[in-house]
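Trainee: Take a look at the letters that make up each chain.
Number of protein chains: 4
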Amino acid sequence: MKQQIISDHMQPDLSKYKHKFQMRVRNYHVDSLGIVHNAIYLEYCESGRVEYIRDLGFTILAGGFLKNGIKVMVRRNEINYYNPARTDDLIDVYTRIAYIKNTSFCFEHVLLNAETGIFYCDQKSIQVNLNTETNKPERLKDVYRKMLIDFEGDNIEVIE
Amino acid sequence: MKQQIISDHMQPDLSKYKHKFQMRVRNYHVDSLGIVHNAIYLEYCESGRVEYIRDLGFTILAGGFLKNGIKVMVRRNEINYYNPARTDDLIDVYTRIAYIKNTSFCFEHVLLNAETGIFYCDQKSIQVNLNTETNKPERLKDVYRKMLIDFEGDNIEVIE
Amino acid sequence: MKQQIISDHMQPDLSKYKHKFQMRVRNYHVDSLGIVHNAIYLEYCESGRVEYIRDLGFTILAGGFLKNGIKVMVRRNEINYYNPARTDDLIDVYTRIAYIKNTSFCFEHVLLNAETGIFYCDQKSIQVNLNTETNKPERLKDVYRKMLIDFEGDNIEVIE
Amino acid sequence: MKQQIISDHMQPDLSKYKHKFQMRVRNYHVDSLGIVHNAIYLEYCESGRVEYIRDLGFTILAGGFLKNGIKVMVRRNEINYYNPARTDDLIDVYTRIAYIKNTSFCFEHVLLNAETGIFYCDQKSIQVNLNTETNKPERLKDVYRKMLIDFEGDNIEVIE
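Chains as they are written, first to last, in our numbering: chain A, 18 to 177; chain B, 18 to 177; chain C, 18 to 177; chain D, 18 to 177.
Bound conformation, chain A alone (with noise of 0.2 Å):
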C-alpha cells in the first residue's frame, strides 16, 4: 500500500514553530481503513505539548499536568486532516503557543510525515487555566506567562 497523496493543500509554514517532537505511528493507532483513527491525533498533539512544556522547564505530575498550582484544561479542540498517516510512519509533531489571553492560551500544532514531508494535519487547542480549588477560569500566573513569552519570542500574541 503506497503513501498515496489525497490532498494537495499548501504545505504549513513552520517558520514560527521552535518545538519539534517526533511520534511513531502504532498499529493500534489505525482503524478499519488502514488510516489513523481521527481522534489519535489529538493524541499525539497532547504529548507534543507535554514534551513543549517539559523542555520549557515545568515538571509533569502523575496526578496531572503541572505542578505549583497549575491546572489546565483543554477548552477546545480543532483539527484539519490533510493526509492520512499509516503504520510505522514517523511524525514529526510541531508545537507552539499562538497566543496568550487572560485566563486562556492557545497551543497550535502542524503534524508531518518525518520522511517524506507529507502533511497530515494542523490542529488548535485552546486550554484555559483553572483555580485548583474552585475550577473556575484564573489568570494564568505573571511567572508562567514571562517563560512562555521568552521562548516564543515575536511569534507570540498576548492579548490583554
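Please keep in mind that the hints were generated in silico from the structure rather than gathered at the bench.
As the structure is a prediction and not an experimental result, all values here were calculated from the model.
You may find that some hints are simply not true.
Where chains are identical, the list cannot tell them apart; a pair therefore holds if satisfied intra-copy or between any two copies.
As the list claims (entries may be wrong) - BS3-like cross-link-like pairs, simulated, lysine-lysine; straight-line CA separation at most 27 Å:
#1 K141 - K153
#2 K141 - K118
#3 K37 - K88
#4 K37 - K158
#5 K163 - K35
#6 K153 - K35
#7 K37 - K153
Following the hints, put chains B, C and D in place on chain A, whose structure we already have.
Mentor: Relative to chain A, chains B, C and D alone:
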C-alpha cells in the same frame, strides 16, 4: 467525587436533533485527572454517526464505512468542552447533519449526561465524500443526498 | 470482506455463565490488519466485569471501581484468541467468577459473535483485593464473598 | 502522589534479554485510578516487538506486520501485573523470543521503570504464523527462523 459543574455555558438547543444514542463512560476512557480524555469524545461522536447512518438504513461494512461505493473521510473536527464526564457516566450523544455541500457534509453533535443533563461538549465534523478509486473528492450521489434530506427535513441546509 | 473462520477450536461451554453483556466493535478498535487489536478484548472483558458487578447491586464510582472500601486491582490476565472480530461485529461478553481465594478472585470470560456464534476469545482475569490505605492485599469481606457466591451458586469454587 | 511500591515481587532476571525499547506513559494511558490501564501494557509490549523486529532487519509494512509473505497473529497473551505505572513514567520494555515451535513462537517481555527499576509487569505473547492466503497456521520459513536464532543465540529454545 461529586459531579462538579465547571461551566455555566448555556444549555444546547436540542430541537433540531432527531437522533440520540447512548454511550457509557468506561474506566479506560478517563485520564489521570479523573475525567474523560479530550480525544475520547471524538470516539463517542463517531459512534453516534455510525448509529445515525445505520438507523437511516445504510449497511456498515467491516472494511470501512458503507457499501455501495461510499467512502467518506473526516476533513475537519471542531469540539468545545464545557464540563468533564467521569467513569460510568451515561452519555446522550445527539447527532444531526447540519448541511450538505457538493462533496462534503457536516455532522453536529451535542453530548449531555443522560441523567442530570450536564452539558459535556458540542462537536462539528466535516466529512468529505471520496471517489473510491482516485481518492479525490466527488459529489455525494443524489440517492444518498435524498436519504439525508428526507430524514433531517427542514433542519438541513443544502448548499450547492 | 467475509467473516473468515480461522480457528476450528471447540466452541466454549457456556453452561456455567449467568451473565451476558453486549459490546459493538467500533472502527477505532480495529488495527491495520482490519481486525480488533489484541489489547482491545481486555477492554471488552473489563466492561463485562463492570456490568456484572453493577447487576449484582454494587455502585460503580467515578474515582475507582466500587464503594464501601473495596479497591480491586488486576493481578494477571490470560487470553486466548481464536477468531478475529471486525468493525461493527456485535459481541456477547459472558462473565463469571470461577473461584474466590482469600485475597483474590478470578473472572472468566467468553466472547462470541452475537449473531453467528463465532468464538473470538476466552479470558481469565485474576483480581486482588487491596487494603484501601496500605495497598496491601487483604481478605475480601464476607459480605461481598456472600454476594458473589449467592449469585454464582455451585459454579463458583471457594478456596480458603 | 508518590510512586508507591505495592508488590515486593522478586526483580526479573534480565540476563537473557538482548533488546530494550523505551516508552513514555502518556496521560491518556491512565485510568480513573490514576494508573496505567491493564490493557495498555499490551500496547507497550507490542511496540517492543515491532522495534525488536525492526532491529533484526525486517521491514514493517503499513498494511500489516511484515513483508515477504509473513502474516503473524497473536494467539495468546499472559501478563502479570506487579506495580502500577503512572503518567510520565519512562518504561524500559525488554523483549526476547523464548522459543520457536513449528508454526508458533513466543515473545517474552519485562517492563521496568527506566529510572527507579520498579517492576511493572511481565508478559508472554504467543504468535502464530499464518499462510497469507488460507489463514491457516504454517511453518515459519527457515530464513526467518535462522534470523531469530542467530540473534537470540543460546537463550532461544527450538522445539520441533
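Trainee: Give me the numbers of the hints this structure contradicts, sorted from smallest to largest.
Mentor: Hints 6, 7 are the ones this structure does not satisfy, whereas the remaining hints hold.
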